[in-house]
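Generate the whole structure from the sequences, applying the supplied hints.
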Amino acid sequence: MLFNSLSFVAFLMIVLALYYSKLLSWNGKKRMLLLSSYVFYGMWNPPLVILLWISTIVDWTAGKKLAIVTNSRSRKMWLILSMVVNLGFLAFFKYGNFLLENFTTLMHTIGWEFQARPMDIILPMGISFYTFQTMSYTIDMYKGKTERARTFLDFALYVTFFPQLVAGPIVRAKDLITQFYVPKKASMNQFIWGLFLLTIGIFQKVVLADALLATTSDTVFDSTKIIHGLDAWIGTLAFSGQIFFDFAGYSTCAIGIALMLGIVLPDNFKYPYAAIGFSDLWRRWHISLSSWLRDYLYIPLGGNRHGITRMYVALALTMLLGGLWHGAAWTFVVWGALHGSYLIVERLLRPLVKIKINAWNGIFLALLTYTCVNITWVYFRAKEFETANNMISSMLLFNREGEKILPAAEIMKVIIVIVGLFICHWIMRNTSMKAVSQKIPSWLLGIIWAILFFLICIAQGSGEQFIYFQF
Amino acid sequence: MAVALFLGLALLTSWELYWKSQGYFSELDDNKALWAVNRAKVDDLSKDDVVILGSSRAHFDLQLNEWEHITGKRPIMLASDGTTPTPVFKDIVENTNFAGTVVIGIAPGLFFNPIEKGFMWNRAQVRIDHFYDRTYAQKANHYLSLPLERSFSFLNASEEQWSDDIDLKTLVQKFQFGNRTEGPPPIPFNNFGFVDKDRNVTMFEKTKTDTAFANTVITAWRVFSSDAPPSVLEPVVGFYNEWIPKLEARGGKVIFLRLPSSGSFRERELKNIPRESFWDAFLAETNSAGYHFEDYPQLNQFTCPEESHLYTPDARVLTKELLQILIQDKLISKTN
Chain A
1 MLFNSLSFVA FLMIVLALYY SKLLSWNGKK RMLLLSSYVF YGMWNPPLVI LLWISTIVDW
61 TAGKKLAIVT NSRSRKMWLI LSMVVNLGFL AFFKYGNFLL ENFTTLMHTI GWEFQARPMD
121 IILPMGISFY TFQTMSYTID MYKGKTERAR TFLDFALYVT FFPQLVAGPI VRAKDLITQF
181 YVPKKASMNQ FIWGLFLLTI GIFQKVVLAD ALLATTSDTV FDSTKIIHGL DAWIGTLAFS
241 GQIFFDFAGY STCAIGIALM LGIVLPDNFK YPYAAIGFSD LWRRWHISLS SWLRDYLYIP
301 LGGNRHGITR MYVALALTML LGGLWHGAAW TFVVWGALHG SYLIVERLLR PLVKIKINAW
361 NGIFLALLTY TCVNITWVYF RAKEFETANN MISSMLLFNR EGEKILPAAE IMKVIIVIVG
421 LFICHWIMRN TSMKAVSQKI PSWLLGIIWA ILFFLICIAQ GSGEQFIYFQ F
Chain B
1 MAVALFLGLA LLTSWELYWK SQGYFSELDD NKALWAVNRA KVDDLSKDDV VILGSSRAHF
61 DLQLNEWEHI TGKRPIMLAS DGTTPTPVFK DIVENTNFAG TVVIGIAPGL FFNPIEKGFM
121 WNRAQVRIDH FYDRTYAQKA NHYLSLPLER SFSFLNASEE QWSDDIDLKT LVQKFQFGNR
181 TEGPPPIPFN NFGFVDKDRN VTMFEKTKTD TAFANTVITA WRVFSSDAPP SVLEPVVGFY
241 NEWIPKLEAR GGKVIFLRLP SSGSFREREL KNIPRESFWD AFLAETNSAG YHFEDYPQLN
301 QFTCPEESHL YTPDARVLTK ELLQILIQDK LISKTN
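Protein chains in written order, with our numbering: chain A, 1 to 471; chain B, 1 to 336.
Not one of these hints is a red herring.
Using C-beta positions, here's what the derived DEER-type ranges look like:
id: 1; chain 1: A; residue 1: Leu18; chain 2: B; residue 2: Asp133; range: 26 to 36 Å
id: 2; chain 1: B; residue 1: Glu160; chain 2: A; residue 2: Thr104; range: 36 to 46 Å
id: 3; chain 1: B; residue 1: Phe6; chain 2: A; residue 2: Val353; range: 51 to 61 Å
id: 4; chain 1: B; residue 1: Asn97; chain 2: A; residue 2: Lys174; range: 54 to 64 Å
id: 5; chain 1: A; residue 1: Lys225; chain 2: B; residue 2: Pro235; range: 28 to 38 Å
id: 6; chain 1: A; residue 1: Leu18; chain 2: B; residue 2: Lys139; range: 19 to 29 Å
id: 7; chain 1: A; residue 1: Asn358; chain 2: B; residue 2: Val126; range: 53 to 63 Å
Please keep in mind that the hints were generated in silico from the structure rather than gathered at the bench.
Beta carbons are placed, not taken as given, at the ideal position from N, Cα and C, and that holds for glycine.
This is how it looks when you write it as structure tokens:
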């Protein structure tokens, strides 16, 4: 079920009505939320709820054993069981076809005419998100960083909580399960703020991503022609805006919906296009994934505790795997590799170049960072390397005779939206929406809210899927 | 929140009233979800039932109310604008037990196209795929959208992305300046009909009364015709010779129809897809029953306002006249 759909509106109204009715005890409300979450997921493909159940049962059992067992070998075995099941799901459902294709290519390269039958595996929606979330619980249990969930219901709800089930934020057990222990109810202010965030999130998705930017991005990246440099840049900028509004929109909706239930989810985006440098970018973009990769991959790989070389290797591996997490294709690996390279270069330059950041050089460095990020988006969005390489050539002005495929008005539209996006991120980079909202009069906030609502209605979104559902 | 609610509703009300004043009215979108709902009905049909396949010509020209009134059975309308009916025919023969009558409207430029490829085929295949792949959430979204689409004029955006849709994306796209891209600017292609829940079409009155509006559609036909691939016969014959016997083997039958076109559109059809080489040859080689409007004065009395589809009052007359012929030839029976 998509947040930007009528069925979700009906679903949410029913859930809220039951949640705030006096019919149910707190345990009853949690059971209702759990059942609702399965319905939310099953409305897409009911049999795949079984994967959620398996993941839940395996990690609940592993967590329970890890809380009791003291023998280090047994503990390790329970951890490995959880890893095997969760990563096994990911390997089969997400990377099965990719692995088979690459195996076939390898066989052909060495001269063996191997032809595999296509597996036609369905990619379960949000599998990368909920497997990472459940794994974090088991790993934290193994390391003694979190307490065992008090009841199976609390744990199952942690794995399945519908606002963040299919596209995050990826929440740690200690941040979410503990909220289920005591009855929760949103205050009137929380509820209204949650509804406002839901409106903002849907506005980002339906109006900005789908209505204003998606067509331009699709036109450019689906083109089979060698295109003009300006068109390549505009298409890439449009995609940079589209993916931000799409994904940040989802996270904002998730945070807003949870808040309407009195549950607090962490921020997942903090105005990333105003980042100065790439370490700053990853503290602002998809924060719950980057912190997951830091805690469960980069640090276990050695982090910065074993010398510079090991640190760079750990960084590069983390970003490569982070790229692969986004999709089973080599283009995503290149995307990760580019980000890894940026981070390494930044760390190499840090001791050599000392800059005191002020407003003027800050905005220049933010623009430079954003420009470099746009280069990586080309590999993220392009389906083939040939498309990506042609795009990069055009962007670097090597294709001066490239075809102009975008009308002037469309270029203007993207420039207006992207300049607006960048300015907004720059202004907001050290503050939050909540803080800003508290400074402006409530009537003005009401007018802004009304305009957002109006634009969502007239955009008439056709229920386009969120980009990150496929990851 | 009260300010937001009040102002938001005020803005929407003003928007709705504005578009009503511009002649828009609430209508259903003839999208893949609506098509899939009607496709699902085929699974439960009897031997007396009729399924209509084809392109927009069969969609506009065969009126379900008249058909039901005369025969006692309301046909299932699966004809889709800008598609070839061939993949849908295959789907019905291959994936259902339907043993009734399949009426297939042949719009020559769309029908005599290569098999399993091309724009016309893909458009039909998208709808078939949606029928099989639609999720429970998509089904629920469709049913929840129906009362809203029936109620509000401003919800006037189509999956077809007509040039005169009034969703935000289309409205923004209307702002154009300069001539940066190579090639001719895109031509406007406006909607000229609306459907009910059974996908029965009514042509907008302005298509008949507003010549300037009709000319925008005629221009679109001219441009589309110039971009069309050359028509082919043998692959289409081969395909139907494979699938028609399978339907007939379980008691079903197929009737082909060639419905009217007019003016320059008709001239292009006569020149590029001559009757003898395509329609007559197709019927002969597939040994099928077919009815060409030119062969019956009662079917050849109409002029299409935009050269390719009948104005709805004319379509009603044509449907009645056609049914008299089909009943007389014992191809369609009355069940009432």
